[in-house]
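Put together the whole structure using the sequences plus the hints.
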Amino acid sequence: MSTVAHAETHGHDHHGPPPANVSSRVDSRLLGIYIFIASEIMLFGSFFTALFFARVIVAPEAWPPEGFHLPVYLALVNTIILVTSSFTMHWALQSIKRNYRAGLIAGLTLTFLLGLTFLLIQAREYSRIGFGPDANAFASTFFGLTGLHGAHVFVGLSLLAFALVRSIRGHFGPDAHDHLGVEIPGIYWHFVDVMWIIVYMTVYVL
Amino acid sequence: MIVIGLLAGIVTGGVAYFIPWLPDQASTQAEEIDGVYWFVAIICAVVFSLVAGVSIYAGWKFRAPADDMDDGSPIHGHTGLEIWWTAVPTVLVVAMSVWSAVALARAETLPDDPDEYTTIEVTAAQFAWSFTYPELERTDGELVLRVNEPVELILTANDVIHAFWVPEFRMKQDAVPGIETRTVITPTKEGSYDVICTELCGPGHPVMRAGVRVLSDADYEAWVAEGEQGAGEGGEGEADGESVFAEAGCGSCHTLADAGSEAEIGPDLDSVVPGQEEQQILTSIVDPNAEISEGYQPNVMPGDYEDRLSEAELDALVAYLVEVAGARR
Amino acid sequence: MSATLHAPAPRRTGIRRWTAGGWLRALWTTPLAFLLATGLVAGARAALGYEPLLAQQPYITTLMVMVPIGFLAGIGAFDYWARYVSGRPTIPDDHASHGAHSWKDYFKVNTDHKVIGTQYVVTTVVFFIVAGLLAMFMRAELAEPGMQYVDPQAYNGLFSVHASLMIFLFIIPAFAGLGNYVIPLMIGAPDMAFPRLNALSFWLLPIAGLMMLSSYFIGAFGAGWTNYAPLAVQQPDGNLMFQMGVQWAGASSIMTALNFLVTIITMRAPGMTFWRMPLLVWANFATSTLVVIATPFVAGSQFFILFDRVLHTNFFDPGGGGYVIAYQHIFWFYSHPAVYIMMLPGFGIVSEVISVFARKPIFGYRLMALSLMAILILGFSVWAHHMFVSGMADWLRVPMMVTTMVIAVPTGIKVFSWLATLWEGRIHFKTPMLFALGFVSMFVIGGLSGVYLGSVPIDIHVSDTYFVVAHIHYVLFGGSLFTIYAGFYYWFPKMTGRMYNETLGKIHFWLTFVGFNATFFPMHWIGTRGMPRRVADYDPMFGNWNMAISIASFALGASTLVFLYNMIVSWRRGEPAPSNPWRALTLEWQVSSPPPIFNFDEIPQVVGSPYEYGVRGARHAILNGKPVQEGREAAPMEETVP
Ligand code: HEA
Ligand code: HEA
Ligand code: CUA
Ligand SMILES: [Cu+2]
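Protein chains in written order, with our numbering: chain A, 35 to 240; chain B, 1465 to 1793; chain C, 34 to 675.
These are calculated hints, taken from the structure and not from any lab test. We put the CB at the ideal spot given by N, CA and C, even for glycine. No false leads were mixed into what you were given.
Label pairs and their computed distance ranges (CB to CB):
#1 A:PHE165 x C:LEU597: 55 to 63 Å
#2 B:GLU1585 x C:ILE251: 36 to 44 Å
#3 B:GLU1690 x A:GLY164: 55 to 63 Å
#4 A:GLY166 x C:GLY179: 43 to 51 Å
#5 B:GLU1787 x C:THR71: 48 to 56 Å
#6 B:ARG1527 x A:ALA210: 51 to 59 Å
#7 C:TRP543 x B:ALA1559: 36 to 44 Å
#8 C:PHE307 x B:VAL1552: 27 to 35 Å
#9 B:ARG1673 x A:LEU110: 53 to 61 Å
#10 B:THR1543 x C:GLY179: 54 to 62 Å
Shown next, in the form of structure tokens:
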């Protein structure tokens, strides 16, 4: 994806750019994903800010308002599913680092399926929860935060699917540069995961 | 260098002194605020004169001929200078903050004894103001104050954010739907002023104004008495279409000769209302989007008159329109 | 240069013309996306039984997400990634999409940062003209009290679109465009870190801009560029165009910022330590950090408005437990930093220009860089100064006032350092220098009026009046725009390979300078005297002043014609530019004008500060074996550095 990359893949006898100097120890793509995640954290931050105002400033006592219940335990199950998927993701990455391709594919598949289960359970939760986003500010922030997170799970799943397709096609290898295509979706997936724990704690538990 | 600095200083000073920058001063708050204003103005004039003076002088003194190929002296910095121009602005900034904070606190203080000030509730709606005097049990489209008596204004809004501002009092405060905000004014000068809405609130924003009168003790008492009389006469439940038209702010968008309004945001009622059924007019008012008059946009006319006006008021309003529309012709 | 070595890609023929990335493919993918989106919403609404089937807002929202994606896919912005993620072999990069061989290449997806920089600059100038013309309509309406040409809602639409285009489609991306062109050159890199992402972030811009403009077709958004709730929820459907436009422009901004950060951190030439970076690079480093951290908040704020409008959520509806002022906190948490996003790159440009044309090292280089970082950090702690009269928590006002005012200190350090850079220099009054010097005093006026506004009691009086409008234009026009003009003139020879006409440049400066002050200075006065902002009609007592302001503003608008004429004619027929007309030391001037496709044949070795004018024997870098020294070209080669 970067100049560094294509200089490597076909830097042979080809009048391309001179390879750029590498002035940092961090790989540019890893740095890129970290900066992107910083930006994502701020996006979640704006949603948490909205929650803060609706909950702490407007309605300190009645939260959730009378007649509104969240399926805390179902969401706990979901949390466990998502946390597990972080471990399977980690396993996938470790596998390819040890050049164990079956482990990579199995790990990615498992992670993908766990993530998908999470989304399906959430969809079911939405359809049975008994109120819509237009009910009141509580409902709005609930759907806002979990929906935003759900969208991120969806993006994460797409990235996993891409990595999975490529690993089935025999891409990736143990070299540090050869498995960035697994590592980067992995980093993103861990971020989605940690973010869910925060969302769960603030929206369901607290 | 010094000459240029002085010149720039004199020019800015002259501009500051000879133009009446601020509106009339008609409240104690205005005195506080103007004090800060001029304090900050002087500091800023000095800073600007310095910057402009130095750059003009440097531009004139160090100008190089076009074909000059030399470089300037390689000065990389000067710690002493850098400390100075960090320290001095810091001190000035702290001074301005302190004065501002003190003036703010003084401007917003009310007497401890609730008898020494009045409270007035201000309600803003698209695009009209209404003022409720709880002690007088009276609501009016005009703000009437007693000279030298502090008032606490409690503001709220029905639909979107508006802002209350009387330039002569210098005080401004947003009126926000869902919460109450507050400001304090102690008028010091009798006269008539304008309340200006300064927060964009829709198409009627430019015309959303109301009158303020600051009355002497005697005049104020007279106004209070007149109000009590009015309340006795009017009786309960009976609404007067003309005053509904005025208070609901219709005149800020529509032309209606009888009400003396000439606004052009909505259709000219003098020309469109004649010939319409009462029911049709009522629908236009309570549900403006039901049918959009040609050449106009939906969502411009507020859609909440049904909630804001009582049934009696609506009837009176429609009756009034049927009666007077077309008066111009 | 290498143009001959890189023949453009072979022409595609037959059906391939319609399936290969480009305008022809966009011609069918865009309508396809349109149909898909419409069908999707209609299907979903029918399936879920929502009434009415044809509610406008859900359609518009979905269309504004999907149609741009269809278009982008059509012109080929995603081609490489599509192959990459599906595991097919990526097309071996023949660099056909790199560099421009004819003017047509500027209308294609191109990964060369120089082409992208030029695309950015030209696009943003177009939006500047449109936004400026909207301002001309406003001034025509305001010339006399009473209503003349437009109705109030249309007037609200005028200033809202004016400001949105100026901010989101002109100032911010124009800086990104200049940065795109010069940053890789300045740090000795062959391109940006992610060239394809760079191309994508450019193509999001015209989408965002056209979206905001096309709001006129369905009722322009008229709640100001600040789009405060709940007025925004009441607005005609065009308001959706603002929300989605901001999302696209914001995404573009974040991508570019990410790209800048990664490029600056990982691709500096050997020897280019942080303390040897030109200040423009520092400025963009600080700005990009701001963008990455702050922009998601404006995205969030507009999402909430969107949800409140389309899904009828209650984020800002007090009836459902929402909190109106929350919007303002979230919005300003972005939009105050945004004003520094619109200023810091300008500080960088001015530092380059002043140092070169005064022929002196920049005064206090390290403090200049540190003050940028100080402004960055302080910038996050002052947002509530836009809300002093909003009814927010009272106790927040005084702390925010103090932090606001404290920003004058690092900014002052910069201003005084520029002045000190002039001292004992040998000043050449070329057009970029005129704009840079004009900027210094005009920005100080704007900054000082900012200090007025920062003082709570003064702000209580002048908030939401023309005093604020004056402040806005002194900092954004006299500040940002002057620096952009300085940057355009300064890098014009590098970007086009031709010199602009100096006389016309000077005429442009003086007309703009005078017209600008005549237009905006009196606004301070009418504001304090009692004229609120955002009004189509006003008290007749301000009639004369407004007439004078309007006349001045037309002159100001006309001065832009001189600029446009100069740029267009010089681009086509100007004198060929030497590689280093300003005798500057920074790296972009050490290569030909315009630079070769891959910038450098060999990555330069940086050995010193970029500003060592007048320092005997000092060098900034060694390029192709030649030291870059004291701004003079072709100094004899000295010993090579390890
Ligand atoms: C480029 C954009 C830009 C920049 C750089 C600034 C810079 C500053 N702005 Fe401005 N501002 C805007 C763009 C910008 N602003 C816009 C667009 C709005 C309106 C938004 C809207 O509502 O639509 C606004 C509104 C705005 C408000 C809200 C007004 C209101 O709505 O009521 C305030 C209040 O504090 C403010 C303050 C400041 C301050 C203190 C600075 C400081 O950073 C200035 C610092 C600089 C100096 C002070 C000059 C140089 C310093 C010296 C020479 C040192 C010595 C000085 C002293 C000792 C004082 N600005
Ligand atoms: C970078 C930012 C920027 C720039 C450059 C400008 C440029 C101009 N602005 Fe703008 N303005 C804002 C940002 C900017 N503005 C913002 C943020 C607001 C607040 C909005 C809000 O309240 O939400 C605002 C609001 C604003 C108002 C207040 C509206 C109100 O509150 O009711 C006014 C009123 O006069 C105004 C006028 C102008 C004028 C005359 C110019 C001129 O400088 C424009 C000159 C340029 C051109 C005219 C275009 C090119 C010229 C030609 C193609 C030549 C041909 C034309 C002629 C001969 C006429 N602006
Ligand atoms: Cu009410 Cu503006
Ligand atoms: Cu600000």
